[in-house]
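Novice: The residues making up each chain are set out below.
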Amino acid sequence: GAVVSQHPSWVICKSGTSVKIECRSLDFQATTMFWYRQFPKQSLMLMATSNEGSKATYEQGVEKDKFLINHASLTLSTLTVTSAHPEDSSFYICSARRTLLYEQYFGPGTRLTVT
Amino acid sequence: AQRVTQPEKLLSVFKGAPVELKCNYSYSGSPELFWYVQYSRQRLQLLLRHISRESIKGFTADLNKGETSFHLKKPFAQEEDSAMYYCALKETGANNLFFGTGTRLTVIP
Numbered sequence: 001g002a003v004v005s006q007h008p009s010w011v012i013c014k015s016g017t018s019v020k021i022e023c024r025s026l027d028f029q030a031t032t033m034f035w036y037r038q039f040p041k042q043s044l045m046l047m048a049t050s051n052e053g054s055k056a057t058y059e060q061g062v063e064k065d066k067f068l069i070n071h072a073s074l075t076l077s078t079l080t081v082t083s084a085h086p087e088d089s090s091f092y093i094c095s096a097r098r099t100l101l102y103e104q105y106f107g108p109g110t111r112l113t114v115t
Numbered sequence: 001a002q003r004v005t006q007p008e009k010l011l012s013v014f015k016g017a018p019v020e021l022k023c024n025y026s027y028s029g030s031p032e033l034f035w036y037v038q039y040s041r042q043r044l045q046l047l048l049r050h051i052s053r054e055s056i057k058g059f060t061a062d063l064n065k066g067e068t069s070f071h072l073k074k075p076f077a078q079e080e081d082s083a084m085y086y087c088a089l090k091e092t093g094a095n096n097l098f099f100g101t102g103t104r105l106t107v108i109p
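Each protein sequence line maps, in turn, to chains A and B.
If you read the first sequence in this note's numbering, its first letter stands for residue 1, the second for the next number, and so on.
If you read the second sequence in this note's numbering, its first letter stands for residue 1, the second for the next number, and so on.
This is chain A alone, in the form it adopts within the complex (with noise of 0.2 Å):
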């Protein structure tokens, strides 16, 4: 089956300072990343778009310069949260999507506490 991997699963920051998750899939090639944010009993909202090779696409509220995001390969994509503060504390999810198929699949999350 499809894998997809998250690191860290977990991690803790101070305000004003930036943290970087990654999210990998392991067995596949995916041309295209999504980047998700869950709060604490709440749906799945989607952040933004991120196509190999191409600049992420953000969905509205979403601030780019807050939420760096790259996808250098088929492999990997990165989600940099820019001098974080305590609101952005919360469940970041991502999937990725096979060349070609379109079915998502979806990393174990991580959570990001910011102190």
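Simulated crosslink set (DMTMM-like; lysine to aspartate or glutamate; CA at most 25 Å straight-line):
id : chain 1 : residue 1 : chain 2 : residue 2
1  : B       : Lys65     : A       : Glu103
2  : B       : Lys15     : B       : Asp62
3  : A       : Lys41     : B       : Glu20
4  : B       : Lys90     : A       : Glu103
5  : B       : Lys15     : B       : Glu80
6  : A       : Lys41     : B       : Glu8
7  : B       : Lys90     : A       : Glu63
8  : B       : Lys90     : A       : Glu59
9  : A       : Lys41     : A       : Glu59
10 : A       : Lys66     : A       : Glu52
11 : A       : Lys64     : B       : Glu91
12 : B       : Lys73     : A       : Glu103
13 : B       : Lys73     : B       : Glu32
14 : B       : Lys9      : B       : Glu32
15 : A       : Lys41     : B       : Glu79
16 : B       : Lys73     : B       : Glu91
17 : B       : Lys90     : A       : Glu52
18 : B       : Lys22     : A       : Glu103
19 : B       : Lys90     : B       : Glu20
20 : B       : Lys15     : B       : Glu54
21 : A       : Lys41     : B       : Glu80
22 : B       : Lys90     : B       : Asp62
23 : A       : Lys55     : B       : Glu91
24 : B       : Lys57     : A       : Glu103
25 : A       : Lys41     : B       : Asp81
FYI, nobody ran anything at the bench for these hints, they're computed from the structure.
Place chain B on chain A using the hints.
Specialist: Below, chain B without anything else, positioned relative to chain A:
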């Protein structure tokens, strides 16, 4: 506007009882609809999609365009069905999924 609505946040049924998780969508085109499931401490995974017309783990879902619904059903619930269920919509030509708020199903032994 909320594209996918799951009216029940919580649903409890007894083992062996039928279960139906409701999903309604708002989209004027031809949607692709999916059900995703998240078991405790596991990642989100695809359960089924309407275009496949398949039954997975005893679950089925029929797209009703007249009622704009895609309810998930199972005739006899099992304890291992306890999980969080998300309905998701993909619009024609779109790259991404829109998720509902999810329903937490608890099957009581």
